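Protein sequences, first through last, are from chains F and L. First residue of the first sequence: 3, per this note's numbering; consecutive thereafter. First residue of the second sequence: 217, per this note's numbering; consecutive thereafter.
No wet-lab data here; the hints were simulated from the structure. Here the structure is a predicted model, which is why all the values come from computation and not from measurement. Quick reminder that beta carbons are idealized off the backbone N, C-alpha and C, glycines included. Among the hints, a few may not be true.
[What the hints assert, rightly or not] These stretches of chain L come out as covered by chain F in the derived footprint (C-beta under 8 angstroms, 3 or more residues):
1) 289-295
2) 335-347
3) 361-370
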Amino acid sequence: MNLDDYRTVFIIVDLALILMAATPALCMVVSFSSGVEPFSELWILGPTHSIDYPSRLQVDEQLHLFVGIGNHLGYSAYYVIYVKFQNQTQPLPDAFNSKPSPIFPLYEFHVFLTNEKTWEAPLTFAVLGASRLNNSLVVSRISINNMVFWINCSSKLDSKSNGFYYQLVFELWLYNPTLDNLQYHNRFVNLWLNLNL
Amino acid sequence: MGFLKLFMIILFLSTLMSSSAELAVCESTRETGASVIESAEKSVFSAYQAVLEAEQVGANVSNLIGQLNIAGELLAQALILYRTGDLDGAINLSNLCYEMGVAIRAEAHKLRDVTIEAMGQRFRLTVLVSFGFISSIVCVSFFGWRAFERRYHRKILRMRLEVGSNES
Chain F
3 MNLDDYRTVF
13 IIVDLALILM
23 AATPALCMVV
33 SFSSGVEPFS
43 ELWILGPTHS
53 IDYPSRLQVD
63 EQLHLFVGIG
73 NHLGYSAYYV
83 IYVKFQNQTQ
93 PLPDAFNSKP
103 SPIFPLYEFH
113 VFLTNEKTWE
123 APLTFAVLGA
133 SRLNNSLVVS
143 RISINNMVFW
153 INCSSKLDSK
163 SNGFYYQLVF
173 ELWLYNPTLD
183 NLQYHNRFVN
193 LWLNLNL
Chain L
217 MGFLKLFMII
227 LFLSTLMSSS
237 AELAVCESTR
247 ETGASVIESA
257 EKSVFSAYQA
267 VLEAEQVGAN
277 VSNLIGQLNI
287 AGELLAQALI
297 LYRTGDLDGA
307 INLSNLCYEM
317 GVAIRAEAHK
327 LRDVTIEAMG
337 QRFRLTVLVS
347 FGFISSIVCV
357 SFFGWRAFER
367 RYHRKILRMR
377 LEVGSNES
């Protein structure tokens, strides 16, 4: 090795050491993205805290569920879960156009979650009042977490399965600081219920 | 007979008036309820934005998030009670939620300011320490290189030329 080669090695080692010494200060100025796509989770679990959901429900029978959210957005998020009750013909949220279901929510959860944290809460649902009129069933009173709601939701008899089908829909909404309002987060889960008198 | 008729008319009119007054009171309570809930909602939104600002400057907001969750629960309960027709309950919870939102907002702003100050001090200290290290590296390298260069030249000068004999 001649002197020029030694000089090059000296300069490279020097630059590496300078970079190492400047790293703590640089890290405070430059932010590096994690490279992970931000996302949110929404789930419901059955009474045994598993994906074993009951599908048949009697009037006055209590249905125990768990509803949960996971935040992987990279910041503390403000979520709202809207709980809706609808029959089999009423439209579900439109995943392609990011539109929520047009049904008015009955129950809701407001949750603030720091990044990489999850939240879960129990939910007890029951149909308290329903009446049969020929081939249709009209639900007039339901209860969610002991709050009673008066509704008017009718369902026609499904001749194939000989049941009246309803859906319990959970929609996830997220607060958008730019719009200063809640916005549908394009995530929902729904549970089909075959209701019997 | 005439007296009875008159009495019946007065009774009917008074019933009608009281029921319409009751309806008006109910409608006004509903409007008040909606407006109080809206204020509570705005207060929670504003508190959350303040917490988000504090988080963006690097503050530990887990305590404030816990408080926001309590305010959020109050707001959700107020909205549910409003839907079920319990307007007094909805108004009470909304008022509580509004006050909590205002308090959280103030606390978040304070935390943000304290964090900005602390971060500024930490940044200045880090830059100073880094600058010290870099200066030391440059000095050590400069003198080290000079010493190495001198040693290298001395080594070259000490070298003697030797003529190799071609032994056969």
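Now for the hints, and whether the structure bears them out:
Given a C-beta distance limit of less than 8 angstroms, the hint that chain F covers the segment 289-295 of chain L holds, as 4 residues qualify and 3 suffice. Restraint check on the segment 335-347 of chain L versus chain F: 7 residues with Cβ-Cβ distances below 8 angstroms, three needed, restraint holds. Chain F is given as covering the segment 361-370 of chain L, and this holds because 4 residues of the stretch bring a CB closer than 8 angstroms to a CB of that chain, at least three being needed.
Of the numbered hints stated above, none is contradicted by the structure.
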